[in-house]
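Here are the chains, one letter per residue:
Number of protein chains: 4
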Amino acid sequence: MRSIVHDNDTKHGRIFDIAVQVFVLISVASFTIETLPNLPEKYQEILNDIETALIIIFTFEYLLRVWVAEKPLKYIFSFYGLIDLMAILPFYLSTSVDLRALRSLRFLILFRIMKLIKFTKAMNRFSKALKLAKEEIIIFLTATVIILYLSSVGIYYFENAAQPEQFASIIHSLWWSVATLTTVGYGDIYPITLGGKFFTFVILMIGLGIVGIPAGLIASALSAVRREEESKAKSE
Amino acid sequence: MRSIVHDNDTKHGRIFDIAVQVFVLISVASFTIETLPNLPEKYQEILNDIETALIIIFTFEYLLRVWVAEKPLKYIFSFYGLIDLMAILPFYLSTSVDLRALRSLRFLILFRIMKLIKFTKAMNRFSKALKLAKEEIIIFLTATVIILYLSSVGIYYFENAAQPEQFASIIHSLWWSVATLTTVGYGDIYPITLGGKFFTFVILMIGLGIVGIPAGLIASALSAVRREEESKAKSE
Amino acid sequence: MRSIVHDNDTKHGRIFDIAVQVFVLISVASFTIETLPNLPEKYQEILNDIETALIIIFTFEYLLRVWVAEKPLKYIFSFYGLIDLMAILPFYLSTSVDLRALRSLRFLILFRIMKLIKFTKAMNRFSKALKLAKEEIIIFLTATVIILYLSSVGIYYFENAAQPEQFASIIHSLWWSVATLTTVGYGDIYPITLGGKFFTFVILMIGLGIVGIPAGLIASALSAVRREEESKAKSE
Amino acid sequence: MRSIVHDNDTKHGRIFDIAVQVFVLISVASFTIETLPNLPEKYQEILNDIETALIIIFTFEYLLRVWVAEKPLKYIFSFYGLIDLMAILPFYLSTSVDLRALRSLRFLILFRIMKLIKFTKAMNRFSKALKLAKEEIIIFLTATVIILYLSSVGIYYFENAAQPEQFASIIHSLWWSVATLTTVGYGDIYPITLGGKFFTFVILMIGLGIVGIPAGLIASALSAVRREEESKAKSE
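Chains as they are written, first to last, in my numbering: chain A, 1 to 236; chain B, 1 to 236; chain C, 1 to 236; chain D, 1 to 236.
Chain A extracted, bound-state conformation (with noise of 0.2 Å):
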């Protein structure tokens, strides 16, 4: 019993996993569809009733991975076990309490996706990378919280005579730092001052050299740890 719930390096165990992972697929599908708006209440009542399924479901996996854990304390409170009681909990909680609290508790319905990754052993390696390469990230994001900040100041004294609805203050030109020196540029908000252009071109020339830079960090060092565990592999 033990082996199948634990490992899944067995058959049983790939099994069981696969089984999981499914029912969490089924729940995450059933919370989406149920956000459309004007559902024909027929589907509604399908979908509340594969919820409440899943919720039986879920509930028998929480117990039986208490009840198998050598310590039982220990998975209760380490993260995949507060994991394991969030996706449930809210069902739970709602019908005892007031009803209108219900819409926003389904919210953690999502912590049955972090099911997904807990699976995933590969995730190992990317945490070893974050680590490796943390230290630059901290300062790369810190880099880019100060360059946004920077930008936006800039563009305001650039922009707000020109367009004070657009950019009416330094706040509101926080929006369009993020979404230029991303280059996600929407288009609902950008200079129209030659200074204002100008400075835009500048800040661009500094910034795309900064906010680029973390994921090519991520990057090196996810390379470095597969090097180094190939090293080791080989001296095995």
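Don't take every hint at face value.
Dumping the calculated DSSO-like pairs for lysine-lysine here, alpha-carbon to alpha-carbon at most 30 Å [stated by the list, open to error]:
#1 128/D / 42/D
#2 42/D / 131/D
#3 74/B / 128/B
#4 128/B / 128/D
#5 197/B / 232/A
#6 134/A / 134/C
#7 232/B / 134/D
#8 197/C / 131/A
#9 131/C / 234/C
#10 197/C / 134/D
#11 232/A / 128/B
#12 197/B / 197/A
#13 131/C / 71/D
#14 131/D / 131/B
#15 197/D / 42/A
#16 131/D / 234/D
#17 134/A / 234/A
#18 197/D / 197/B
#19 131/A / 131/C
#20 197/A / 134/C
#21 131/C / 71/C
#22 11/A / 197/A
#23 197/D / 131/C
#24 11/D / 131/B
#25 134/C / 131/D
#26 131/C / 131/D
One side only, chain B facing chain D, incomplete, derived with CB under 10 Å [as the list claims (entries may be wrong)]:
#27 38
#28 110
#29 125
#30 166
#31 171
#32 203
#33 211
#34 218
In case anyone wonders, no lab produced these hints; they're calculated from the structure. Computed from a predicted model, the values in this text were never measured in an experiment. Backbone N, C-alpha and C define an ideal beta-carbon position, used for all residues, glycine too.
For chain A, the structure is supplied; the task is to place chains B, C and D on it using the hints.
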């Protein structure tokens, strides 16, 4: 005969290959021009004639390849054998079956484009690189799908009340997630609430560091493959 | 006393540093909120009081640093000494000189943000990486400027006749080049002629391979600096 | 004399080089300003005078280079010799031939910009890196063209019925492919059907991993060239 069709080291083999590639390009060009609206019937007829001529050429090429192959059956059921067949089959089917089906079957003409790829030796290096970074690419594609979903759930909660038309459901919001996290940013859908804008900022900071990684992984894997090949060439 | 102000290894030194950083953040926040339009006078007054309090604190900090420094003159004319001075100077100037000049001088408040950067040790690594890749970065920034100019000349010739308002001159077209080659693409200006669209395609194929490189260069230089530091740490 | 024109190591050589570069920049600036609409005739005349003066200077420089060269003919037919000639030729042609042709010939003035590049020694390193990654760059440019074509065929089938104006043919759809896969996303053309949006998602997932690679390849090749040069410098 065999050497002409198979090899691209001999002079005749190269000429044969280039000829096939030119015919594929003509076929693609004719297919492209045919979609132009208000095309005079005169040009339409010329394109039809070109099409018929090309089908005859490709059929001849296919039969030649079957005839020349050491194990004809192995070629017929190989990846490239099937592509060669699918490049000509729709034409013969459309003359025997209902004419309405013809239009959609023309879509299969695109398989001819794969013939171009078939001849590029260097594709090997790319597929090696893909194999090397396969695991990471799968993880990051999964992570991309998950972050796309989570961000569309988030923006749905922030923007649904303010823009019930644009962010009508999580499925509608997914389109926003795709356009934003890939930084395409068409501008047909974007947040207008303060919460939605701040959420966009947070999700972009996390998301850009994930969506941008696969390209970096492939690039570094490609460099690794090249270095390996170079060191092999040296030691030989 | 000296150790508190100078070092950030001791307990008191850390507290001093964090306190200064918190005051800088408060100052930046107050400066940001002040730009909000239609801000009630009550809040305006509170912000002014905060501002005065912060100026007193920063003045005290500045004098302390001068007093504590082994060579006061060296500190005063050092990079950080000048920043510290410029963070408080505009306030004192604005009380003595004409009040209208006050608004623009407030801009200098942003120098306080540089105090945040001052404390991050890890900036060293970044400046090392910049020095390492300095030459290439200069070349690519030059190449970026040249390609921006050439593409704006090209698009001017293609689009000027069709859109005389948007692409009025090469200077107007430069804005298009910036928005396009950085892939921001606001959508306020884009080619509509077939020639202009094809030119955009060609210039993007060349340009993306140039504009995207500086970020990659910095990222790889950063990895090189980290590797170097690690190998140094090992050999010690 | 020869050393002044040829070398940029001596003091006089450097002054000569910088002077030429300044004249090129003046020429480019004058060319740019001239395209401004509604430029007063007074300025127009000044620009014409500057232009004439520059042509005289560049002609003198060209003749000097021919005179100074050890093998004049070799210089004249070298890459830079032809550029130097093309920078001045249009002016002399336009005075002898029809005046209408003058406007389009002015376009050749841009060859003067190449003089700037001529002086940057470091271009060598870039061309070395290009040679190193040449094969991969060609493959990925080919792959980019193929994916651009395939995605425009796909979106044509999805969107043609819903937006017959925008996605009128595969050729029209190509413009969408370019704007989308480069993530520029002007917003003048985008899918509105569910199928088209899903297709955009799939094509972006595949496409971003291909379009973004050439820049990464060049960056890593540049690092390789630098490392090689450094190890050479050490062993010498």
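Hint-by-hint comparison with the structure:
{"no.": "1", "hint": "128/D / 42/D", "in the structure": "violated (48 Å)"}
{"no.": "2", "hint": "42/D / 131/D", "in the structure": "violated (50 Å)"}
{"no.": "3", "hint": "74/B / 128/B", "in the structure": "holds (24 Å)"}
{"no.": "4", "hint": "128/B / 128/D", "in the structure": "holds (25 Å)"}
{"no.": "5", "hint": "197/B / 232/A", "in the structure": "violated (45 Å)"}
{"no.": "6", "hint": "134/A / 134/C", "in the structure": "holds (24 Å)"}
{"no.": "7", "hint": "232/B / 134/D", "in the structure": "holds (20 Å)"}
{"no.": "8", "hint": "197/C / 131/A", "in the structure": "violated (45 Å)"}
{"no.": "9", "hint": "131/C / 234/C", "in the structure": "holds (24 Å)"}
{"no.": "10", "hint": "197/C / 134/D", "in the structure": "holds (27 Å)"}
{"no.": "11", "hint": "232/A / 128/B", "in the structure": "holds (22 Å)"}
{"no.": "12", "hint": "197/B / 197/A", "in the structure": "holds (23 Å)"}
{"no.": "13", "hint": "131/C / 71/D", "in the structure": "violated (40 Å)"}
{"no.": "14", "hint": "131/D / 131/B", "in the structure": "holds (25 Å)"}
{"no.": "15", "hint": "197/D / 42/A", "in the structure": "holds (28 Å)"}
{"no.": "16", "hint": "131/D / 234/D", "in the structure": "holds (24 Å)"}
{"no.": "17", "hint": "134/A / 234/A", "in the structure": "holds (27 Å)"}
{"no.": "18", "hint": "197/D / 197/B", "in the structure": "holds (23 Å)"}
{"no.": "19", "hint": "131/A / 131/C", "in the structure": "holds (25 Å)"}
{"no.": "20", "hint": "197/A / 134/C", "in the structure": "holds (27 Å)"}
{"no.": "21", "hint": "131/C / 71/C", "in the structure": "holds (29 Å)"}
{"no.": "22", "hint": "11/A / 197/A", "in the structure": "violated (62 Å)"}
{"no.": "23", "hint": "197/D / 131/C", "in the structure": "violated (45 Å)"}
{"no.": "24", "hint": "11/D / 131/B", "in the structure": "violated (55 Å)"}
{"no.": "25", "hint": "134/C / 131/D", "in the structure": "holds (22 Å)"}
{"no.": "26", "hint": "131/C / 131/D", "in the structure": "holds (25 Å)"}
{"no.": "27", "hint": "38", "in the structure": "holds (9 Å)"}
{"no.": "28", "hint": "110", "in the structure": "holds (6 Å)"}
{"no.": "29", "hint": "125", "in the structure": "holds (8 Å)"}
{"no.": "30", "hint": "166", "in the structure": "violated (12 Å)"}
{"no.": "31", "hint": "171", "in the structure": "holds (8 Å)"}
{"no.": "32", "hint": "203", "in the structure": "violated (16 Å)"}
{"no.": "33", "hint": "211", "in the structure": "holds (7 Å)"}
{"no.": "34", "hint": "218", "in the structure": "holds (6 Å)"}
Hints 1, 2, 5, 8, 13, 22, 23, 24, 30 and 32 from the earlier list are contradicted by this structure; the remaining hints agree with it.
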